[in-house]
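Protein chains in written order, with the working numbering: chain A, 1 to 315; chain B, 1 to 482.
Simulated from the structure, these hints should not be mistaken for lab results. All residues carry an ideal CB built from backbone N, CA and C; glycine is no exception. Incorrect hints may have been included.
Straight-line Cα separation of at most 27 Å, DSS-like style, residue types lysine-lysine; simulated pairs [what the hints assert, rightly or not]:
| no. | chain 1 | residue 1 | chain 2 | residue 2 |
| --- | --- | --- | --- | --- |
| 1 | B | Lys10 | A | Lys129 |
| 2 | B | Lys10 | A | Lys127 |
| 3 | A | Lys305 | A | Lys269 |
Okay, the calculated bits of chain A under chain B, using three or more residues with CB under 8 Å as the criterion [what the hints assert, rightly or not]:
| no. | region |
| --- | --- |
| 4 | 44-57 |
| 5 | 65-77 |
| 6 | 80-94 |
| 7 | 104-116 |
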Amino acid sequence: MTIKPPAIEARQLSKTFGATQVLAPLDLIVPRGSILALVGHNGAGKTTLIKLLLNILQPTTGVATVLGQSTATLTSTAFTRIGYISENQELPDWMTVQSFLDYLRPFYPTWNETGLLDELDLPPNRKLKHLSRGMRMKAVFASVLAFSPSVILMDEPFSGLDPVVRDELIQTLLGRIHPDDEGADESGATILISSHDLGEIESFATHVAFLHEGTLLFAEPMNTLITRFREVTVTLPQSESAEEYMTNLPDSWLSPESSGTVIRFIYTKADTEAPEIAVRGVFQRAEGIQSESMTLRTIFLALVKANRTEDRSRA
Amino acid sequence: MTQSLHIFRKDVRHLWPELSVYALLLVAFALVVPQAWPGAAFSNTLLQTFATLLKILIPISWLVLITRVVHEECLVGEEQFWITRPYHWGSLLGAKCIFIVTSLILPFVVMQWSLLFQADINPFVSISGMMLCLLKFCLIVWLPFTLVAALTSTLSAAFMSLAGVAVIWAALLTFLFPATGTRMSPPFVLEIFSFTFAILLIGTLIYQFSTRRTARSRIAVAAILFLFLILLYGFVGTHCGTPVRALIRNHYPASSDQSLRLVFVPGPLPYEDRNEDIQVPRGFVEVKLPIHLEGLDPNYKLRDTNTSFVIHTPGFLYASPWESAAVGEGNLSFLVPQQVFNRTATADAHVHLEFLAEQLRPKDPQIISSNDSFSAPNNGRCVLTQGTPVCRYAYQISVPTRVKALSNSGACGAPESAKPTVTIFRLVPAGTNPDPVVQEVLSLGSTICAGSPLTFSEYSPAETFRLELDIPSVNIGQYKSR
Chain A
1 MTIKPPAIEA RQLSKTFGAT QVLAPLDLIV PRGSILALVG HNGAGKTTLI
51 KLLLNILQPT TGVATVLGQS TATLTSTAFT RIGYISENQE LPDWMTVQSF
101 LDYLRPFYPT WNETGLLDEL DLPPNRKLKH LSRGMRMKAV FASVLAFSPS
151 VILMDEPFSG LDPVVRDELI QTLLGRIHPD DEGADESGAT ILISSHDLGE
201 IESFATHVAF LHEGTLLFAE PMNTLITRFR EVTVTLPQSE SAEEYMTNLP
251 DSWLSPESSG TVIRFIYTKA DTEAPEIAVR GVFQRAEGIQ SESMTLRTIF
301 LALVKANRTE DRSRA
Chain B
1 MTQSLHIFRK DVRHLWPELS VYALLLVAFA LVVPQAWPGA AFSNTLLQTF
51 ATLLKILIPI SWLVLITRVV HEECLVGEEQ FWITRPYHWG SLLGAKCIFI
101 VTSLILPFVV MQWSLLFQAD INPFVSISGM MLCLLKFCLI VWLPFTLVAA
151 LTSTLSAAFM SLAGVAVIWA ALLTFLFPAT GTRMSPPFVL EIFSFTFAIL
201 LIGTLIYQFS TRRTARSRIA VAAILFLFLI LLYGFVGTHC GTPVRALIRN
251 HYPASSDQSL RLVFVPGPLP YEDRNEDIQV PRGFVEVKLP IHLEGLDPNY
301 KLRDTNTSFV IHTPGFLYAS PWESAAVGEG NLSFLVPQQV FNRTATADAH
351 VHLEFLAEQL RPKDPQIISS NDSFSAPNNG RCVLTQGTPV CRYAYQISVP
401 TRVKALSNSG ACGAPESAKP TVTIFRLVPA GTNPDPVVQE VLSLGSTICA
451 GSPLTFSEYS PAETFRLELD IPSVNIGQYK SR
């Protein structure tokens with residue numbers, strides 16, 4: 001039995017435009033069948049990373065593979081198994097939805113659009129240029145899902161879409177991704193999706209990667225992340241001021257805030273050490289310690305905030 | 001191939017409005033241009049202006065069509081839908097080539113053939129002329145247009161890029177190479193330049209299609225233009241003249257005919273012979289030396305007459321590049337830079353001169369009776385228009401031809417003059433004119449009537465030769481043309 005390479009693998013991949021480094025050397029592995037949410041604020045380097053993985057841009061350093069093939073040698077054949085969806089894609093606007101799909105069909109040996117237009121409620125005879133933003137994105141989804149790619153890279157696919165369309169797209173996406181075409185495992189297509197719509201992504205992503213200012217801070221399974229991050233609220237006795245503790249908190253406790261006798265912070269090691277025990281070590285006279293799970297959105301915001309604070313203090 | 005055809009069909013489906021306009025232009029051209037030919041029944045200034053306008057519109061429509069079809073799958077940018085689809089670059093390039101050949105070149109050839117048929121010329125007799133014409137269009141127009149389209153993302157950017165290059169090019173030629181037109185074209189220079197730059201441009205086009213590295217491709221194009229300029233500068237300024245001179249000497253060997261020689265006859269030129277024979281560019285003067293070319297068969301003609309000379313005066317030496325020379329009755333004229341002339345005009349100069357040319361030998365004459373429409377040698381077709389024969393050829397008149405006729409001093413029917421009139425056809429190469437019909441009006445000076453015999457004598461290349469002449473002492477200043 002041969003071990004299949006990861007769906008996506010990057011080693012020391014970086015990109016520099018002139019004197020500006022938009023992506024610091026990063027290592028990333030996306031297992032087959034996973035859905036990786038690539039999160040980060042605007043300008044973090046998400047689009048650049050996706051374009052590097054598609055060989056649209058060439059890396060300054062490092063290498064990457066998609067489905068075991070070096071991105072530097074991605075040829076036409078590779079794109080019969082790799083799909084790309086982007087909010088900014090320029091389409092042949094003069095074509096109707098149906099003629100667009102008809103045009104693409106001969107390019108793919110695995111093309112099957114049966115039921116897609118109905119499922120996405122797409123008007124087949126309307127020209128792409130006359131479609132709304134949501135409809136247009138649906139047409140792009142249809143043109144990718146029709147050939148059942150093994151890997152789909154999506155760059156802000158839900159940006160600016162209403163919740164109904166977003167939900168339709170996600171349902172269709174999840175319903176259409178098939179098991180790996182080589183049949184060696186039961187996993188479906190691998191998806192790498194960059195999005196700001198963290199609430200939506202959290203519902204179906206299996207992995208998360210966080211980019212900040214071109215640096216990959218972490219990439220891990222979603223459940224590990226959710227387990228790792230806890231929002232902790234510590235209530236001190238009336239005789240003590242929370243402010244006194246603020247300067248002595250461990251670095252891994254992010255975004256600490258104090259108000260009277262209450263301190264709040266993000267605990268980032270809950271997967272290895274129970275927060276109550278670690279917190280009690282610092283706040284020995286705490287009257288109450290509350291630990292709550294966090295959503296991807298709150299984790300993201302906390303991380304961005306913490307990193308900005310760190311950047312400012314470094315500057 | 002299947003993918004190429006698939007893409008091609010899509011392009012045709014999308015660009016049919018542009019193709020229709022192009023077809024209309026070609027039809028208009030095929031209808032209007034014959035009316036503007038010399039001797040046409042309805043020829044007038046308006047028609048000729050319209051024909052000229054169409055001649056401008058056709059290349060513009062080429063640029064639009066080529067740019068539009070290449071931009072269907074734009075190679076510049078990162079957001080085009082096709083770049084993450086299973087397009088093979090070879091198929092894409094193939095599709096664009098198929099489009100250009102079938103939708104642009106083929107209708108153009110059909111239009112040209114329609115014009116040839118209207119001129120009563122069989123197009124099949126000049127397939128080589130057609131191929132040469134198409135090759136020139138390909139190298140000068142279609143290939144550069146395609147490359148520009150491959151390196152730009154919008155039609156306006158393509159237009160502006162071409163306009164920019166054209167303006168810079170014209171400025172460089174005007175200011176850096178003011179007398180380029182008088183320089184001799186070394187043997188095979190056109191072939192070498194065409195081949196080299198066609199390969200480089202095609203290579204860049206393939207590189208751009210296969211990698212979409214636009215910045216690098218643009219640098220490559222700039223480098224090619226710079227290389228062209230360097231070669232041109234080297235050629236004009238003779239900075240890389242040694243190999244060129246060796247090639248010229250090899251192609252024009254020293255004449256083995258002892259009787260063929262140049263003779264310097266000291267003394268002033270007759271006043272009436274001192275007019276300028278060459279169009280003199282700014283910064284140059286024409287010098288006309290009393291040099292006789294002796295030993296040339298009087299029936300022979302010369303073409304590609306060029307000279308290279310060294311002027312040596314005390315403390316000054318000037319060696320000229322090979323440049324055009326005009327051979328007159330007992331004189332040889334050529335251009336000298338004004339600064340050189342100023343420095344040598346008053347001094348006693350030592351001049352060493354080399355002269356080369358190609359001899360043309362007359363073939364056996366053919367006598368043809370003129371008529372309203374009659375065949376001419378070399379697959380030509382002539383018509384008699386108000387007593388003046390107008391001869392038409394497909395794509396080119398390949399050899400110079402001498403025409404003799406017995407002229408009529410007055411109206412047709414009057415007794416024929418005993419004195420024959422003579423005219424010489426120019427050599428008109430196949431160029432980049434959309435109209436493939438090359439016209440030559442035989443201005444014989446008087447009326448030619450139906451039934452009058454015309455004698456056509458074609459010239460064929462005989463041999464190339466080179467002569468040298470050493471003039472130990474001459475005052476250049478005496479021989480400046482008026």
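Against the structure, the hints come out as follows:
1. B:Lys10 - A:Lys129: Judged against 27 Å, a Cα distance of about 17 Å means the pair holds.
2. B:Lys10 - A:Lys127: Since the Cα atoms of Lys10 of chain B and Lys127 of chain A sit roughly 15 Å apart, the hinted pair holds (cutoff 27 Å).
3. A:Lys305 - A:Lys269: Within the cut-off at roughly 18 Å; holds.
4. 44-57: Since 4 is at least three, the answer is holds.
5. 65-77: holds (count 3)
6. 80-94: holds (count 11)
7. 104-116: holds (count 4)
Taken one by one, the earlier hints all hold for this structure without exception.
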